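Chain order of the listed sequences is A and B.
For the record, in the first sequence the residue sitting at position 56 is 56 according to my numbering, with numbers rising by one throughout.
For the record, in the second sequence the residue sitting at position 23 is 23 according to my numbering, with numbers rising by one throughout.
Keep in mind that a hint or two might mislead.
[To be verified] Over the 10 Å line for every Cβ pair with chain B, so calculated as not near, a few chain A residues:
#, residue
1, S7
2, L10
3, L43
4, N52
5, S73
6, D78
7, K92
8, T97
9, K103
10, S111
[To be verified] No farther apart than 30 Å at their CA atoms in a straight line, the calculated lysine-lysine pairs in the DSS-like style are these:
#, chain 1, residue 1, chain 2, residue 2
11, B, K41, A, K56
12, B, K64, A, K70
13, B, K55, A, K70
14, B, K41, B, K64
[What the hints assert, rightly or not] Partial chain B-side listing against chain A, Cβ under 8 Å, derived:
#, residue
15, H7
16, V11
17, S15
18, G110
Hints listed in this document are in silico derivations from the structure and should not be mistaken for laboratory results.
All of these numbers come straight from a predicted model, not from anything done at the bench.
C-beta atoms are modelled at their ideal positions from N, C-alpha and C, and glycine is treated no differently.
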Amino acid sequence: GEDVEQSLFLSVREGDSSVINCTYTDSSSTYLYWYKQEPGAGLQLLTYIFSNMDMKQDQRLTVLLNKKDKHLSLRIADTQTGDSAIYFCAEKDQAGTALIFGKGTTLSVSS
Amino acid sequence: GAVVSQHPSWVICKSGTSVKIECRSLDFQATTMFWYRQFPKQSLMLMATSNEGSKATYEQGVEKDKFLINHASLTLSTLTVTSAHPEDSSFYICSARSGAGGHEQYFGPGTRLTVT
């Protein structure tokens with residue numbers, strides 16, 4: 001079945017780069033997403049990448065996609081304390097409608 | 001950007017009562033809305049997919065008679081938790097997808113339900 005895996009925790013210092021990794025199983029996924037969730041809040045769409053792309057950059061965010069290995073990563077440059085949150089990787093389900101989420105990576109940024 | 005609201009943001013109810021949660025797309029028309037449930041420190045679990053004007057499609061293991069979903073308009077979907085029990089306490093999040101062929105899902109801020 002479809003499954004998305006992420007590491008659970010990442011701790012970095014302010015100003016460093018953060019890299020959050022994700023693996024997925026459905027090779028037919030057309031879009032892959034990164035969402036951010038702050039405590040007690042809903043999910044904010046950060047960025048997404050289409051499956052025929054290898055890389056996408058949006059200001060401090062860089063998404064890398066390795067389709068062969070079904071590996072997705074999110075790099076946050078110059079990480080700030082405001083980036084502390086849970087980051088979810090998600091892929092479309094086989095029907096192409098709903099999203100399958102990973103368990104989320106808790107990013108902790110210390111000053 | 002696309003904004004999705006939920007109401008209420010939190011609710012406490014007594015066991016056996018019913019609670020209705022609203023999900024609205026504020027600046028776009030959503031032909032499809034999704035309802036998720038999130039337990040503490042867990043991922044989001046899809047409960048059901050709701051298409052405007054038709055019956056919701058429930059995920060395996062989700063009781064449709066307990067979690068009633070209505071998607072009566074292109075901007076509003078409601079989730080009613082009937083005869084709530086303490087194990088229904090959770091964070092319920094909705095998302096909406098534009099009907100204009102968009103692939104992105106936009107999430108509401110969530111509703112914290114506590115059943116005492």
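Consistency of the hints with the structure:
1. With a minimum CB-CB distance of about 13 Å to chain B, A/S7 clears the 10 Å threshold, and the non-interface call stands.
2. Interface exclusion of A/L10 from chain B stands, the closest Cβ pair being 15 Å apart, more than 10 Å.
3. Separation of A/L43 from chain B is inadequate, the least Cβ-Cβ distance of about 4 Å not exceeding the 10 Å criterion.
4. Every Cβ of chain B is farther than 10 Å from the Cβ of A/N52; the closest lies at roughly 14 Å, confirming the non-interface assignment.
5. With a least CB separation of 18 Å from chain B, A/S73 remains clear of the 10 Å interface cut-off, as annotated.
6. Distance check on A/D78: its Cβ is at least 23 Å (rounded) from any Cβ of chain B, clearing the 10 Å threshold; non-interface status holds.
7. With a cut of 10 Å on Cβ distances, A/K92 falls inside the contact zone with chain B, its closest approach being about 8 Å.
8. Annotated as non-interface, A/T97 brings its C-beta within 10 Å of a C-beta of chain B; the closest such distance is 6 Å.
9. With a cut of 10 Å on Cβ distances, A/K103 falls inside the contact zone with chain B, its closest approach being about 5 Å.
10. Distance check for A/S111 against chain B: the nearest CB is about 24 Å away, which clears 10 Å, and the non-interface claim stands.
11. Taking the CA atoms of B/K41 and A/K56, the gap is near 29 Å; set against the 30 Å cutoff, the hint holds.
12. Under the criterion of a C-alpha separation no larger than 30 Å, the hint pairing B/K64 with A/K70 is inconsistent with the structure, at around 34 Å.
13. Our distance criterion of 30 Å between C-alpha atoms is broken by B/K55 and A/K70, whose separation comes to about 34 Å.
14. Under the criterion of a C-alpha separation no larger than 30 Å, the hint pairing B/K41 with B/K64 is consistent with the structure, at around 25 Å.
15. Interface restraint check: B/H7 against chain A, minimum CB-CB distance 13 Å, threshold 8 Å, status violated.
16. Residue-level restraint check for B/V11 is violated (minimum Cβ-Cβ distance to chain A is 14 Å; threshold 8 Å).
17. Against a cut-off of 8 Å between C-beta atoms, the interface hint on B/S15 is violated, since the closest Cβ of chain A lies about 24 Å away.
18. At a threshold of 8 Å, the smallest CB-CB gap from B/G110 to chain A is about 5 Å, leaving the interface hint in force.
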